[in-house]
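Peer 1: Listed below are the residues making up each chain.
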Amino acid sequence: MASKPPAPFQFPREYSFPPFFTPQTNLTTHHAQQTKWAALVLAYCRHYRIFRLSISPSPATASSQSAPPHDTSDLFHNKQLNRRLSPAHIRSVIDFLRKDGRAEYLDPKGSGDVAYVYWQTPEEWAGIIESWVEGTAQKGSVLTVYELVEGENTRGSEFWGMDRDVLIKALGVLVKRGKAQIFGQEDSLGVKFF
Amino acid sequence: MGSSPSRITPEDQAILDLKTQRDKLHQYQRRILILTDKETEIAKQLLAANDKPRALLALRRKKYQQSLLAQTDSQLEQLEKLTQSVEFALIQKDVVFGLQQGTKVLKEIHKEMGGIENVEKLMGETADAIAYQQEVSEMLGGKISNQDEDEVEAELEALEAEINGTATKHSGDVLPNVPDTRLPAIESRRQREDNKQGNKVIESREAILA
Chain A
1 MASKPPAPFQ
11 FPREYSFPPF
21 FTPQTNLTTH
31 HAQQTKWAAL
41 VLAYCRHYRI
51 FRLSISPSPA
61 TASSQSAPPH
71 DTSDLFHNKQ
81 LNRRLSPAHI
91 RSVIDFLRKD
101 GRAEYLDPKG
111 SGDVAYVYWQ
121 TPEEWAGIIE
131 SWVEGTAQKG
141 SVLTVYELVE
151 GENTRGSEFW
161 GMDRDVLIKA
171 LGVLVKRGKA
181 QIFGQEDSLG
191 VKFF
Chain B
1 MGSSPSRITP
11 EDQAILDLKT
21 QRDKLHQYQR
31 RILILTDKET
41 EIAKQLLAAN
51 DKPRALLALR
61 RKKYQQSLLA
71 QTDSQLEQLE
81 KLTQSVEFAL
91 IQKDVVFGLQ
101 QGTKVLKEIH
111 KEMGGIENVE
121 KLMGETADAI
131 AYQQEVSEML
141 GGKISNQDED
151 EVEAELEALE
161 AEINGTATKH
171 SGDVLPNVPD
181 TRLPAIESRR
191 QREDNKQGNK
201 VIESREAILA
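For the protein sequence lines, the chains are A and B, in the order given.
Under full-length UniProt numbering, read the first sequence as residues 1 to 194, first letter to last.
Under full-length UniProt numbering, read the second sequence as residues 1 to 210, first letter to last.
Certain hints may be false.
Claimed, not checked - Here are the simulated lysine-lysine pairs, DSS-like style, with alpha carbons at most 27 Å apart:
id, chain 1, residue 1, chain 2, residue 2
1, A, Lys179, B, Lys93
2, A, Lys139, B, Lys24
3, B, Lys24, B, Lys52
Said to hold, decoys possible - The following label-pair restraints were derived from C-beta to C-beta distances:
id, chain 1, residue 1, chain 2, residue 2, range
4, B, Lys81, A, Glu14, 54 to 60 Å
5, A, Phe11, B, Leu33, 46 to 52 Å
6, A, Ser141, B, Lys63, 36 to 42 Å
7, B, Ile116, A, Arg155, 58 to 64 Å
Since the hints were derived computationally from the structure, they do not count as laboratory data.
Just so it is clear, CB atoms sit at the ideal spot from N, CA and C, and this is done for glycine as well.
Looking at chain B on its own, in the form it has when it is part of the complex:
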């Protein structure tokens, strides 16, 4: 069975003992419950047979058994409380152990960082380095950015032109499908559009040539 070394701690054994004790009480209660039922049955039978004193005796026995039942109930409660305290204490132990480990690790990390003075010194150096870097960037940055800016704007304009061009083309595709009652108006619009497209074609041709 136990290929690995036993993982059962003495605490587990103690909890098991408590729990088996509880189980035994449980079984005892069940036994007594059956007994009390039987006593009532007996009392009924004796009463039917007109044997009052013995019926009374049976009922007394039942009463006593019921008091036993109440006692075992309180004992059960005690046992359960104790079991739970043990289990909770185990958890507390784990928590304390965890806190201990955590503090230890934290302390070690702090030691590696070398104290507050070291951190302060480091922060000062970092600020110096950042300031230096900014200075360098400013010196280099001015000229290059002007040149870049022009190029970027030119590119943006080119893109805008492209997008607008395609947009008008699309609307040209859609428009003929829209029904309109005033025919002459449509005709005139179409004419205009035809003109536009014609112009565009010419433009693009020119562009290609260029």
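Next comes chain A alone, as it looks inside the complex:
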């Protein structure tokens, strides 16, 4: 999963097409452009396992402590073409993703600068965690959130090294389904699976 030298992301054809970086005025074209951008952002984040994307040009805050933050400047900035997507346009792409439930601002008011990108939605993560719990016969056992993200037991599972907040959201889905319960203090959260 966390291959040591991550292979560089293969950008799609549109990435080297200059008008791709300019907001299109034609509604149909605009929609196609947004769809392409949304797919590109998701694929890019999935490739580098990025959970949080920053809209400002500064490098994204990849919050998982184990993986070094990946410089996402090349996602919205094609250096070869010297074209970049304006922050306003990036925001519109994020909004487009939000409509699909594939992104969410850290600040629920939607004004924040950093957004979660759900290349797996919390529901999908919840499913992955649930099947892991069942596969490893951990029903009824107590696990710490730290253990889930960085423990030795979960190394190699899909959610190893994932964003803590996204993980907690995914666990929240399981809690709603009655499959888990979160307890403990803020900095030492634990979860019990049922």
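Assemble the complex: chain A is given as a structure, and chain B must be docked to it using the hints.
Peer 2: Relative to the frame of chain A, chain B by itself:
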């Protein structure tokens, strides 16, 4: 969040506390590992700058940190052992509870059966009833079975005849396709068969008439 009443027992809370403690030690170890790496780096740089005493100091610090690491390792082991003992004790508790329930139910069922004497009495009665039933069957059985036997045998014979009849018919269908070099032999066989079939047709007609 908690629509259902909390399913977290104090034991769960205790396990969580143990596990968070373990996680903290884990993090501490990682911090120290980074530190030791840094100390070696510092020592190297100081040696390059020809500052031996301070390089030695850095290496000593590293040594001390490594001893800390070993200590935390043993502490981690203790914690993990304790966690596992707690978890195992919980399972044992469940097992004992299960055994208790099982014994209780078994006892209740035994009580419903009303003791060994009752069972013995019942078994005696059952044996009597079976013996009586056998007697009755024997008395009734003899005559009926003779009559039945004849009928059954007759039916069997009829079935056998039917099956054999169809079997010969089938072989009659297949035979002409088999190549044979001695023509006269085939002819004679065919003739015979024709005769047979002719006979059969007559027979069946008779049967229908009858």
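Peer 1: Check the following: the C-beta atoms of Ile116(B) and Arg155(A) are separated by a distance inside 58 to 64 Å.
Peer 2: With Cβ atoms ~60 Å apart, the hint holds.
Peer 1: Run the distance test for Lys179(A) versus Lys93(B): straight-line Cα separation, threshold 27 Å.
Peer 2: Status holds; Cα separation ~23 Å.
Peer 1: Taking 36 to 42 Å as the hint, is the beta-carbon distance of Ser141(A) and Lys63(B) inside that range?
Peer 2: Since Ser141(A) and Lys63(B) have Cβ atoms about 39 Å apart, the given range 36 to 42 Å holds.
Peer 1: Is the hinted pair Lys139(A) and Lys24(B) satisfied, with a Cα-Cα distance of at most 27 Å?
Peer 2: Holds, because 24 Å separates the two Cα atoms, which is no more than 27 Å.
Peer 1: Return holds or violated for the Cβ distance of Lys81(B) and Glu14(A) against the range 54 to 60 Å.
Peer 2: holds (57 Å)
Peer 1: With the threshold set at 27 Å, check whether the alpha-carbon distance from Lys24(B) to Lys52(B) stays at or below it.
Peer 2: Given that 27 Å is the threshold and the Cα spacing comes to 35 Å, the pair is violated.
Peer 1: Does the Cβ pair Phe11(A), Leu33(B) satisfy 46 to 52 Å?
Peer 2: violated (37 Å)
Checked against the numbered hints above, the structure breaks hints 3 and 5 and satisfies the rest.
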